[in-house]
Amino acid sequence: MTRELFNRDTRAIIYGFQRNAIQRMLDFDFVCKRETPSVAAIIRPSQAGAIGYHKVFWGGTEIVVPIYRKLDLAIKKHPDADVLINFSSFRSAYPTSMEALNAETINTIAVIAEGIPERRSREMYKLAKEKGKVIIGPATVGGIQAGAFKIGNTAGTIENVVLSKLYRPGSVGFVSKSGGMSNEMNFMIAQNSDGVFEGIAIGGDRYAGSSLIDHLLRYEANPKIKMMVCLGEVGGTGEIDIVNAVKVGRLTKPLVMWCIGTAAALLPAGLQFGHAGAMAGSDMETAHAKNKALAEVGVIVPESYDDLGDKIKTTFEKLKAEGKIDPVDDFEPPKLPMDYAQAAKLGIVRRPTTVISTISDERGDVPMFSGVGLDTVVSENKSIGYTIGLLWFKKELPKFAQDYIEIVIKLTSDHGPAVSGAHNAIVTARAGKDLMSSLATGILAIGPRFGGAISDAAKYIKLALDKKMTPQEFVDYMKNVVGINIPGIGHRIKSVQNPDVRVKLLKEFVLNNFEKHPFLDYALEVEMITTSKRNNLILNVDGCIGICFMDLLENLDLSEEEKNDVVETEMLNGFFVLGRSIGMMGHIFDQKRQRAALYRQPWDEILFAD
Amino acid sequence: MAQKSIYEFSAKKLLMTELPKYFPAYNYHGKLAVISPETDWNKLVAENPWLNTDKLAAKPDQLFGKRGKANLLLLDANLDKLKAFINERMNKEVEIGGIKGTLNRFLVEPFVPHEKEFYVSITSDMDSDTIHFSFEGGIFVEENWDKVTHVSVPIGTDVDSFDLANKLPDLGDLKTTLVPFVKGLLKVYIDQDFAFLEINPFAVTSDGTVVPLDLKAKLDDTASFQHINTWASPENPIQFPRAFGQVLSKEERFIADMDEKTGASLKFTILNRDARVWTMVAGGGGSVVYTDTIADMGFAKELGNYGEYSGNPNREHTELYAQTLIDVLTEKPDPQGRPKILLIGGGIANFTDVKATFMGIVAALRKSAEKLRNANVKIYVRRGGPNEKEGLKLMKDVGEEIGVPIEVYDRYTHMTRIVPLSLKGDS
Chain B
0 MTRELFNRDT
10 RAIIYGFQRN
20 AIQRMLDFDF
30 VCKRETPSVA
40 AIIRPSQAGA
50 IGYHKVFWGG
60 TEIVVPIYRK
70 LDLAIKKHPD
80 ADVLINFSSF
90 RSAYPTSMEA
100 LNAETINTIA
110 VIAEGIPERR
120 SREMYKLAKE
130 KGKVIIGPAT
140 VGGIQAGAFK
150 IGNTAGTIEN
160 VVLSKLYRPG
170 SVGFVSKSGG
180 MSNEMNFMIA
190 QNSDGVFEGI
200 AIGGDRYAGS
210 SLIDHLLRYE
220 ANPKIKMMVC
230 LGEVGGTGEI
240 DIVNAVKVGR
250 LTKPLVMWCI
260 GTAAALLPAG
270 LQFGHAGAMA
280 GSDMETAHAK
290 NKALAEVGVI
300 VPESYDDLGD
310 KIKTTFEKLK
320 AEGKIDPVDD
330 FEPPKLPMDY
340 AQAAKLGIVR
350 RPTTVISTIS
360 DERGDVPMFS
370 GVGLDTVVSE
380 NKSIGYTIGL
390 LWFKKELPKF
400 AQDYIEIVIK
410 LTSDHGPAVS
420 GAHNAIVTAR
430 AGKDLMSSLA
440 TGILAIGPRF
450 GGAISDAAKY
460 IKLALDKKMT
470 PQEFVDYMKN
480 VVGINIPGIG
490 HRIKSVQNPD
500 VRVKLLKEFV
510 LNNFEKHPFL
520 DYALEVEMIT
530 TSKRNNLILN
540 VDGCIGICFM
550 DLLENLDLSE
560 EEKNDVVETE
570 MLNGFFVLGR
580 SIGMMGHIFD
590 QKRQRAALYR
600 QPWDEILFAD
Chain R
0 MAQKSIYEFS
10 AKKLLMTELP
20 KYFPAYNYHG
30 KLAVISPETD
40 WNKLVAENPW
50 LNTDKLAAKP
60 DQLFGKRGKA
70 NLLLLDANLD
80 KLKAFINERM
90 NKEVEIGGIK
100 GTLNRFLVEP
110 FVPHEKEFYV
120 SITSDMDSDT
130 IHFSFEGGIF
140 VEENWDKVTH
150 VSVPIGTDVD
160 SFDLANKLPD
170 LGDLKTTLVP
180 FVKGLLKVYI
190 DQDFAFLEIN
200 PFAVTSDGTV
210 VPLDLKAKLD
220 DTASFQHINT
230 WASPENPIQF
240 PRAFGQVLSK
250 EERFIADMDE
260 KTGASLKFTI
270 LNRDARVWTM
280 VAGGGGSVVY
290 TDTIADMGFA
300 KELGNYGEYS
310 GNPNREHTEL
320 YAQTLIDVLT
330 EKPDPQGRPK
340 ILLIGGGIAN
350 FTDVKATFMG
360 IVAALRKSAE
370 KLRNANVKIY
380 VRRGGPNEKE
390 GLKLMKDVGE
400 EIGVPIEVYD
410 RYTHMTRIVP
420 LSLKGDS
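In order, the protein sequences belong to chains B and R. Sequence positions in the first sequence follow numbering that gives the first Met the number 0 and run 0 to 609. Sequence positions in the second sequence follow numbering that gives the first Met the number 0 and run 0 to 426.
Worth double-checking, as some hints may not be accurate.
[Stated by the list, open to error] Label-pair restraints from in silico Cβ distances:
id	chain 1	residue 1	chain 2	residue 2	range
1	B	I50	R	G155	43 to 53 Å
2	R	K392	B	P333	19 to 29 Å
3	B	D306	R	P236	49 to 59 Å
The set of hints was computed from the structure by calculation and includes no laboratory data. From the three backbone atoms N, C-alpha and C, an ideal C-beta is built for every residue, glycine too.
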C-alpha cells in the first residue's frame, strides 16, 4: 500500500454525528485554504428521515453537509468521498467498517472506537488486505496530512494546528501507535524541522489495521517526505519489522525512532502466561531490545525520549545542509473567525437582543412571574386572579381585583351552544378537527359583534366621561353623532321587570367592594334614560363587565396613560377569550365524547335565491 | 487490556457446554468443584457427591502454572486426603515465580488415570490462529518444544473443510478422535473469542474419551457484549481475576471502579506508598514516557505510582482521581525531610479539555492545601491542548492561593523536561 492516502481534494464520510470533530475538520480545511470541504457527508443511524442537513461553518459563513441515515445512500450520492471516518461504537464499528470496505468508492477507513473485539479487527484487516484498502485504527484519533486532510479530532484545536504548522506540509513523515502522543510529536517535529508532512497514529490495540511499517513504507515512496520519525512501544513485533526493512534496504530515508516503555519492568506485569505464543521472541518485545536493534541497523535512536527532539533537529539540519530539503511554501494561515459563544464568554463581543420580556423569566430554578416565584404562587395557594395580575398587570393585585377577575372569567365562561363562538367550535369539532383547531375557530369569531360589546361599552363610556358629557348628552351623542345603539345597553329578553341576575350580582359586588365606581354610577344614570324609552334597554352583562372593568382600573393606582394602555392592549377582550375558552372547550369535548357526526346546515335553513 | 486470563474452572466449564456443539464425542465428566476459605465442606459434598466416591485431584486455581513443581498438586486422593491437603495450604502465602500471594482458591476434579499426556494450544496473530500440538505433553513440553507441530489456520478459514489431519503428525488410531477434537476446540476458540488456550496435558482414556487435565485460557474481554449467553450464564459467569499476588489497595479499587463507569480512561497503580515522586499524567503514551524518564534518571525506586487519565474525563472524575492520588502521596512526609514531587504532566492533547480537567485537579489541590504543605509537596506542571492557556493559568494561580510551590510549563518546554527540573540535584 504505497499509494498516497490523502491530498487536498480528499473527501470523507463521517459515520456518527460528531459535531465538534466535523467542525474542526472544516476549520482545518479553511486555514489550509482547501477549495472544498473535506466532509462530504455524515451518517446518523438514529435519524428518522433518509436525508437531513447539518449546518457547519466554512470560515465565516455557513454551509450545509448532508446527513444520511444509511451508509449505502451516502456512498451512492458521494462517489468522490474515498475516506470513511468511523466514529461508531465498539459494538457497531465492525459491521459498519465491513460495509464500507465492501463499497467500491471507499479506499481508506479510520476506525476511532476503542474496545473492538480483536477477532473482529483481524477480520476487518483481512478484508481490507484482499480489497487493497487501508484501515487506520482501531482505537486511534486518526492522523493528519498537513495542509491537506485531517481525520476527526486529530491535532485538536485550530490554534494547535497553527502552532504546529499543520496548515502546510513540511518534510517529515511521522507515525506512532499512541494517538495522544502523536499531537505532542506534531509540535515537537514542527519545533525541530520544517514540520510534519503527514502524521498517523495507528492505535493502541494489539491488532492495528495498519502497522508502523505500512506507513513508513508509504513515506519512503513519497518524494515529498525527506525524513521519517516513528514512536514505537514496548510489546508486539511491529518495530522489529522496521528493523528488518531497514536491514534489507526497503527503508532508506533517515529515520529517527524511539520505543517508549523502557521502564516497563518496573510495573507489575502479573505472571507470565503460557509458553507457546510468546516463546519466539519475548525478549525482542521489550523497548530496550527494540531500541538497541533499531540503532544497530542504522536507525537514529536517541538516548531517551528527552533528546528525541534534538535528534530530529540534527537529522533535519543535516539534510538541509546537504540541500535535500525543498523550501517550504509557507503562508499566513487565514484567521478563523472566533465562535460567537467563545467570544461572548471572553467579553470581546456584544450583540443586541431581539426580544425584551418584562413579565417572566424561566432561566433560574423556578420560573418567576413579575418577580414572584411560581413556587410561591402554588405553595401559598394564590388565586388565578393573582396570577393574571402578575402576568397581565405586572403587579400583585389587591383582593377585590383578583375576585373581580375571577367573577368575570366565570361570567364569560359560556353562553350556550348557539352563540357564534361555541357554534364554530362545535362545527369544527364535528368536522373531525383537533381540539386546538376547533377552539381557534371559536376564538376567531370573537370581535366587534360577538363578545365585542364588552370592549365597546368600556370604550364609549370612557369617552363620555373624558368629555364630561351629561348622561343625556351621551345618549344623544351616540344616537346623532356615532349613529349606533349604545354598546352594553339592551337585552333581547331581559327587562327592568325581569332583570338579568348576572348583572345584579356583578353590580352588587362592585358597589360593595370598589372604593369608587364612577363608570358604573354613570352607566346607571344612562340606563335610567334608556329604560324610560323602552324597558328592555337595560345595562346588559357585557356592558356591565366592560364598564366595571373601567372602575377596577380607577381603584388600582394607575396613571391615565397606564389605564389607556390597558384599554389599548385589548385586555378586556383577553378576559372574554380566557373565560369563553373554558366553555368552548367544554362544547368541543362534549361533541367528541358523543362521536358527533359531521354537521351540515339543513337546506330548509337556507333561502336559495338568485 | 483486552486479553484477560480466566480461571481454569471457568474455562473447563465453558468447554463443557460449547465443545460438544462441534465435537459431540466430548463426553466430559463435568465434575468440578471450587474450594475457597468460605467453603462449607458439608454443603460442598452434598452438592458434589462424587467427592465421596471418586478418586480426586486438586490444585490451586489462581492463574499460575507449574503447580506440581511447587508441591501444590494433589493426585489420586480420597476426601480426607483432600481436606488435609487443602487445610494445609489454604490462606498460606507462597512465592510463585518471584510473586508472593495467598492461596485461596482450589479446583477439585476426579483423578483420571492415564498413560500418555498430549499437548494442544491455540494462539493468534494478525493473520491466523495457530494450533500447537504435541504427543509429548506435560511438564516437559518446553524442553521438547521442537517436537511440537504448529499449524497455522488463516483467519476466515472454513474449519470443517480444513485439512488438519495431514498437517498434524501421524495420530494412528487416535486420528478419528483427535482431529475432530482439535477442530472443535478451534471452533470454540474462534466462536467464544478466546485469545489463548492451552491444554497441557490432556489425556485420552481407554474408552477414547478426551479429558483436559490442566488448562489455561485467556478471553478477549472486549467481546463480552457478543457472549451474554455463555459468559454471563448463571451457571458459569466468567470472571476476569487479577494476576496471582495482585491485590488492589482501596485507592486502586476506587479508581478502577470509577474507570468502569466512564467512557474516559482512569488508571492508577501504586508502586510504593512511601515514595517521593508521584505522577498524574494525561494519556496512555505520555504516562509511559514520564515513567521511562524517571527511571532513566535513576529514580525508579522513588516512584510512587503509575497511572494515566485520558479520553476527556469530566471535571468531577478528574477531581476524584487527583484527590485519591494526593491523599496517598501526602500520607506521610519524606523521612529525610526532602520535598515530595508531584508531576502533573502530559503532552499536547487532541481533544481532552485542559481547562476542564485542570479545574478538577485545582479543586482537589485547593481542598488539600494543608496536607500538601505538611508533606512538603512541590508540584511541576506541563501540558498543552484545548484551552491550555486558561488551564495552565489556573494552576499557576492556585499555587499562590494555597501556598504550595507549583511550577507551570507550557508546550514550549519539552514534555519530560519537568522530570529533570524537579529531580535535579536530588540524586
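Now the hints, each set against the structure:
1. B:I50 with R:G155: 43 to 53 Å: With Cβ atoms ~35 Å apart, the hint is violated.
2. R:K392 with B:P333: 19 to 29 Å: 28 Å, holds
3. B:D306 with R:P236: 49 to 59 Å: 50 Å, holds
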